[in-house]
Amino acid sequence: MTTLTGRRPRWGRIGLIVYMVAAFVYLFTPVVLVIVFGFNDNRGRFNFTWVGFTWDHWRNVFFGETFGGVPGVFDALVSSLRLAFLSSLGATALGTFIALALVRYRFKGRSAANVALFLPMATPEVVMGSSLLALFIALRFPLGFPSLLVAHILFNISYVVVTVKARLQGFDRHLEEAAMDLYANEWETFRRVTLPMIMPGVFAAFLLGFALSFDDFIISNFVAGPTEVTFPLWIWGAAQRGIPPEVNVLGTLVFLTTVSLMLANILWQRRRA
Amino acid sequence: MRSVPEELVTTAGIEAVPAVRLDHVTKKFGDFTAVDDISLEVGENRFFALLGPSGCGKTTTLRIIGGFEEPTAGVVYLHGDDVTGLKPYRRPVNTVFQSYALFPHLTVWENVAFGLRRRRFDDAEIRRRVAEMLELVQLTGRENQKPGQLSGGQQQRVALARALINHPRVLLLDEPLGALDLKLRKEMQIELKRIQQEVGITFIHVTHDQEEAMTMADTIAVMNHGRIERLGSPTEIYEDPKTEFTASFLGASNLMEVQVVDGSAGRVALPGGDELRVPAGRLPAGERKAKVGVRPEKIRLVEPGSAVQGNTVTGRVVDASFIGVSTHYLVKTAPGQEMAVTVQNLEDHRFRPGDDVVCVWNPEHTFVVR
Chain V
1 MTTLTGRRPR
11 WGRIGLIVYM
21 VAAFVYLFTP
31 VVLVIVFGFN
41 DNRGRFNFTW
51 VGFTWDHWRN
61 VFFGETFGGV
71 PGVFDALVSS
81 LRLAFLSSLG
91 ATALGTFIAL
101 ALVRYRFKGR
111 SAANVALFLP
121 MATPEVVMGS
131 SLLALFIALR
141 FPLGFPSLLV
151 AHILFNISYV
161 VVTVKARLQG
171 FDRHLEEAAM
181 DLYANEWETF
191 RRVTLPMIMP
201 GVFAAFLLGF
211 ALSFDDFIIS
221 NFVAGPTEVT
231 FPLWIWGAAQ
241 RGIPPEVNVL
251 GTLVFLTTVS
261 LMLANILWQR
271 RRA
Chain X
1 MRSVPEELVT
11 TAGIEAVPAV
21 RLDHVTKKFG
31 DFTAVDDISL
41 EVGENRFFAL
51 LGPSGCGKTT
61 TLRIIGGFEE
71 PTAGVVYLHG
81 DDVTGLKPYR
91 RPVNTVFQSY
101 ALFPHLTVWE
111 NVAFGLRRRR
121 FDDAEIRRRV
131 AEMLELVQLT
141 GRENQKPGQL
151 SGGQQQRVAL
161 ARALINHPRV
171 LLLDEPLGAL
181 DLKLRKEMQI
191 ELKRIQQEVG
201 ITFIHVTHDQ
211 EEAMTMADTI
221 AVMNHGRIER
231 LGSPTEIYED
241 PKTEFTASFL
251 GASNLMEVQV
261 VDGSAGRVAL
271 PGGDELRVPA
281 GRLPAGERKA
291 KVGVRPEKIR
301 LVEPGSAVQG
311 NTVTGRVVDA
321 SFIGVSTHYL
331 VKTAPGQEMA
341 VTVQNLEDHR
351 FRPGDDVVCV
361 WNPEHTFVVR
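Going line by line, the protein sequences match chains V and X.
Numbered according to our numbering, the first sequence spans residues 1 to 273.
Numbered according to our numbering, the second sequence spans residues 1 to 370.
Among the hints, a few may not be true.
Here are the simulated DSBU-like cross-link-like pairs (lysine-lysine), alpha carbons at most 35 Å apart as the crow flies [claimed, not checked]:
id : chain 1 : residue 1 : chain 2 : residue 2
1  : X       : K183      : X       : K193
2  : V       : K108      : X       : K193
3  : X       : K146      : X       : K186
4  : X       : K291      : X       : K332
5  : X       : K87       : V       : K108
6  : X       : K242      : X       : K193
Between beta-carbon pairs, the in silico distance windows are [said to hold, decoys possible]:
id : chain 1 : residue 1 : chain 2 : residue 2 : range
7  : V       : K108      : X       : E41       : 39 to 45 Å
8  : V       : E125      : X       : S54       : 50 to 56 Å
9  : X       : S54       : V       : F203      : 50 to 56 Å
10 : X       : P104      : V       : T258      : 41 to 47 Å
Sample of chain X residues lacking proximity to chain V, with all beta carbon distances greater than 12 Å (derived) [unchecked claim]:
id : residue
11 : D36
12 : D82
13 : W109
14 : T140
15 : H208
16 : E287
17 : F322
18 : N345
Since the hints were made in silico from the structure, they are not lab data.
Ideal Cβ positions, reconstructed from N, Cα and C, are used throughout, including at glycine.
Generate coordinates for the entire structure from the input sequences, incorporating the hints supplied.
As structure tokens, then:
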């Protein structure tokens, strides 16, 4: 890097830049296309060729059927957001305490629990989805939002545990002892010291769970039942009849939301540091 | 102000009750015995040091008093009350941790106020006491900084303020000065001692630094392998360490194997035949052999043939190093036997390697070790 003369390092540098640009183009072309085609004034059921610019699809998404737009898009989005929020919240709450137990205490079955927590991540989603459906039917568990919630919490927990555990690994246990020394009982110690300190990890776990849940198609497809339609399920259904540009609009919205959340998180962490 | 929890109220007229009492306390971690059947009393308003090398059980002993470890056996009393099994937040003691353990997400002010807030003091009272405490440790003006923005010495003082503000009846200090550089450490030693005298609280101080222990503490317990080797005032344990471990842990000493000639009169003989005197009563009764010692700075060097009184051993200087405040000599007294001698530079005359000398010391300064 610091070589002053010679052609080879310079060529290496140019090659590196070209490679980097190519990689980014490769990564972002689909994203850019999704955004651009949300503004396409398409003809017919498909949205593959550029015709002209329009705001129509954006209007449709926000004002729905009143504008004669595509039915059910907005409901599907709300359903997915609700599911992602609640399932990630549930998984974060459970997963944080599981992570605390696994890092803190030595108990029988600890390593077995560690392995068991990895299983949902390793299991193919098709297998998990179909066996969950079989389980729900056998238990006569109502299919729909409740079954979706249970399934999503289940597969989110593993990711939460892994994320929070990483944060706990470097945690100075003397901090908790100091809190207890200063008259904080177990709950106050958790509330005032442990939780604030692992909060970045917990928050990251929540975001990860939210994204995973929002994204999930395979398991949801199995356990959603006949009436509950999440956003990915709606797209799947719509795509079988043609791909309306409203999908692109929603995709753009999701993308923008995620990116701004990530930026907000980075800024927040920087301010804390 | 809301009332202080009952166990924190100082009761008058209980001076006879020790602040801390350990009764046959043992702590095992698996097969390892960290604390081995320790019994100990620390009086009110004492500055007590637990001194020993790492792994000797001093920190575990402190943690047992603080409630962070439960003893495997034995009972812990604080001011006469059995507190064994009580959680740390139910004990009228506070701790200054080795790593300080300041809450990094809270400001200096919030760190110091933490204990009072948990005990639900009213806001005006908390504000008053935090301001007072920050002044005591000279951190006024730093209220809104985070611990990460402070120097090591300042963090140390926050840790101290955070503990002292609760008016504990016993303050536990786990190597609180270990992370500071030498100059700051010396300053904080004096500072801690001043604060202890000012607030009149029992301090129990864990350290591996014998000089630190002797500077600050009025009573020292020297620990080794989970047991107390020697307990007493700094002068007592330095002048008469009683065990070989204590003698060597508290500075340098010259140890010699001797034959007991007359135990009750305190007469012993070196292998070469030279006779030494030992204060009567220090020799264990009925023993034929003993090990005696003398500190290097208690010995004077004189030329052979000088008229002297006291214990004498002849030898030849093999090494002399001028240190400034003193000169260190190494004197060969017998085959395989050397004595270290520290002489203050009061006279211009210094011995050189090869000189024949006589080591002289007051028999009172001879101690006997096990």
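Hints and how they fare:
| no. | hint | verdict |
| --- | --- | --- |
| 1 | K183/X - K193/X | holds (16 Å) |
| 2 | K108/V - K193/X | violated (47 Å) |
| 3 | K146/X - K186/X | holds (26 Å) |
| 4 | K291/X - K332/X | holds (18 Å) |
| 5 | K87/X - K108/V | holds (25 Å) |
| 6 | K242/X - K193/X | holds (27 Å) |
| 7 | K108/V - E41/X: 39 to 45 Å | holds (41 Å) |
| 8 | E125/V - S54/X: 50 to 56 Å | holds (52 Å) |
| 9 | S54/X - F203/V: 50 to 56 Å | violated (39 Å) |
| 10 | P104/X - T258/V: 41 to 47 Å | violated (29 Å) |
| 11 | D36 | holds (24 Å) |
| 12 | D82 | holds (19 Å) |
| 13 | W109 | holds (14 Å) |
| 14 | T140 | holds (21 Å) |
| 15 | H208 | holds (18 Å) |
| 16 | E287 | holds (47 Å) |
| 17 | F322 | holds (45 Å) |
| 18 | N345 | holds (47 Å) |
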